[in-house]
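Number of protein chains: 2
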Amino acid sequence: MQTINIALDVMGSDHGPGEVITGAVRAARAYGIHVSLVGKAEIIQAELAKHDTAGLHFAIVPAAEVIEMSEKPAAAVRAKPDSSMVVACRMVRNGEAQAFVTAGNTGAALAAGILQIGRIKGILRPALLTHFPTSNGACVVLDVGANADVRAEHLQQFAIMGSIYARHVLAVPKPRVCLLSNGEEAGKGNQLVLAAYPLLENTPGINFQGNTESKDVVAGLVDVVVTDGFSGNVFIKTAEATASMLQKIIYEELTAGPVSTVGALLAKPALRRVRHRLDDSQYGAALLGLSGLVVKAHGRARAEGIQSAIRFAKQGLEHNILDEIRSGIHLVEAAAETESAALKVTVSA
Amino acid sequence: MQTINIALDVMGSDHGPGEVITGAVRAARAYGIHVSLVGKAEIIQAELAKHDTAGLHFAIVPAAEVIEMSEKPAAAVRAKPDSSMVVACRMVRNGEAQAFVTAGNTGAALAAGILQIGRIKGILRPALLTHFPTSNGACVVLDVGANADVRAEHLQQFAIMGSIYARHVLAVPKPRVCLLSNGEEAGKGNQLVLAAYPLLENTPGINFQGNTESKDVVAGLVDVVVTDGFSGNVFIKTAEATASMLQKIIYEELTAGPVSTVGALLAKPALRRVRHRLDDSQYGAALLGLSGLVVKAHGRARAEGIQSAIRFAKQGLEHNILDEIRSGIHLVEAAAETESAALKVTVSA
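Taken in sequence, the protein lines are chains R and F.
Read in order, the letters of the first sequence correspond to residues 1 to 349 in the working numbering.
Read in order, the letters of the second sequence correspond to residues 1001 to 1349 in the working numbering.
It cannot be assumed that every hint is accurate.
[Stated by the list, open to error] Below, a list of computed lysine to aspartate or glutamate pairs in the EDC-like style, where the Cα atoms sit at most 20 Å apart:
#1 188(R) to 1068(F)
#2 1248(F) to 333(R)
#3 248(R) to 1068(F)
#4 1072(F) to 185(R)
#5 1174(F) to 1068(F)
#6 72(R) to 1185(F)
These are calculated hints, taken from the structure and not from any lab test.
Just so it is clear, the structure is predicted and the values come from calculations on it, not from any experiment.
Work out the full structure: start from the sequences and follow the hints.
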């Protein structure tokens, strides 16, 4: 395999280019990859000069514009052809980089990916997949925000892509795929879930286990949680917000009296480990279904989160996830064609 | 005001009739209300005999059938006219009780309420409202499960009912009403949220503050969270599941080494207070929009949860919440009529 080159959007993080470049330096050293730093050249040069980069491979790729968090995604991508996101995606399209990594505006990353890199043939909608911490490890959830409104056949493709991802990247041999619903029983759900259920039951190559609820997801009983981008977004953001609030409440209660304050001091390293187990800024999100790999780091990601997102991209490339998705979608399309051909034979017979 | 009589479904709790009756006895004593215990008479008599009920008012109302958790709601309500749920709802319809309280099958409680008690005139869909703990108190969320699929005009009515509830029961003078969405900015959301947004902006009598995300809800920045029953259900169940998991993880980490174990022992009372602040079995859910008050206790509610649900019903009755909803819906209907009359004048002029 050729050395991996990542096109990294230096301009997208809430914490500024410094954190992004620190993350890039750490990733280059840890994983032996090349990184193209895309953004304002003078800023990149100044930040890069603060690090020891001996033996590492960086290219500075100038991009004069920046897409801001508040901009309308598709309009911004069209209006700013020289933005760091668009330039980085163009590198992936031209084969100058194998993956695009950004901590910027999610919608814009999606729009830039679709417009510049394009979808895999047969994929109706790309989906944002994220790792989600459970009590015994992690599962993947998709879509968590690329598509607020979807149809059942979109969920079917999400199930296929998520399953392939879990098999290859998480190394789960037969990933348990479930639909997120308002009850575990078959027959529970909104119209979308009700329509998707039989479709997933009849999808070859996935291990569909029916509906699931949040408590089973956090308990680690599911490997791939399939949902629309609206509910998926509510799901991950609620888990994140609840975990933060609970840590705050625990701190308040622990420091409310002298005895428990001593307890809190002694328990500090344990609470730090808890925070680390749950820290979602470590988890990147992959935009699956495009002909090139796009990884979204958390907007609040610091150097560690950027490094994580780059590792995430590297894993996807090493496991050849895009070709696996191509084959998976092709398999399902072929099965559907065979079935419809058989149906025609039956009808004409 | 006449003495309140609650029709209590004794048969619905996961923990059996004993817990329900203990909760009823405590509520009767604490709030000076009457309770009609609806269910299998011999079981009720046996359980009631275990308590000192001197000075309390209970009626035993026999109902031979029980609607189970796994039954299809509407079919079960139709097939079991002598079930505890249907008998209790009939008491409310006939004015023999002012509210129906159950810890049983939520869908069946809704179906029994709609079929036996009926909707308030003008209400399109009743909604399930629940109290939700925040870092500085509580807000209300509706719908959390009565309607998996809704239209924008349903969300408008949920906003009106939730606002009235928060004003009267939570005593918030100008409750901040928000739509749960996948981003705070106007323009974020799925098709449903996008359609509901301008409708809520133009609804008289509510203090609409736009879209909200989970982090602002848990931070206590919203009083009334308006959402469809599918997303609302995912929202409250994810918060509940995350809080449970986090408590489990914290316990694991705290007991992982000898120093933090000592810390954990000292911190125990604080952690117990945390659990209490978050214990959702204390929170009942009201089914708003029916001509009678229906309160759903958590299926896992023990005596304390049943007592809470009865207190919840009592508060709703004391604040005359049903009449307030009638006026609120009438106000909006009248405003819409005036507007449409004005439009006709303009068109014909």
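Verification of the supplied hints:
Distance check on the hinted pair: residue 188(R) and residue 1068(F) sit about 16 Å apart at the alpha-carbon level, within 20 Å; holds. Of the pairs offered as hints, the one joining residue 1248(F) and residue 333(R) is violated, with about 44 Å between alpha carbons and a cut-off of 20 Å exceeded. Among the hinted pairs, residue 248(R) with residue 1068(F) is inconsistent with the structure: their alpha-carbon atoms are about 39 Å apart, more than 20 Å. The suggested pairing of residue 1072(F) with residue 185(R) holds, with an alpha-carbon distance near 11 Å, which does not exceed 20 Å.
With a CA separation close to 40 Å, the supplied pair residue 1174(F) and residue 1068(F) exceeds the 20 Å bound. For the hint linking residue 72(R) to residue 1185(F), the alpha-carbon distance of about 11 Å falls within 20 Å, and the restraint holds.
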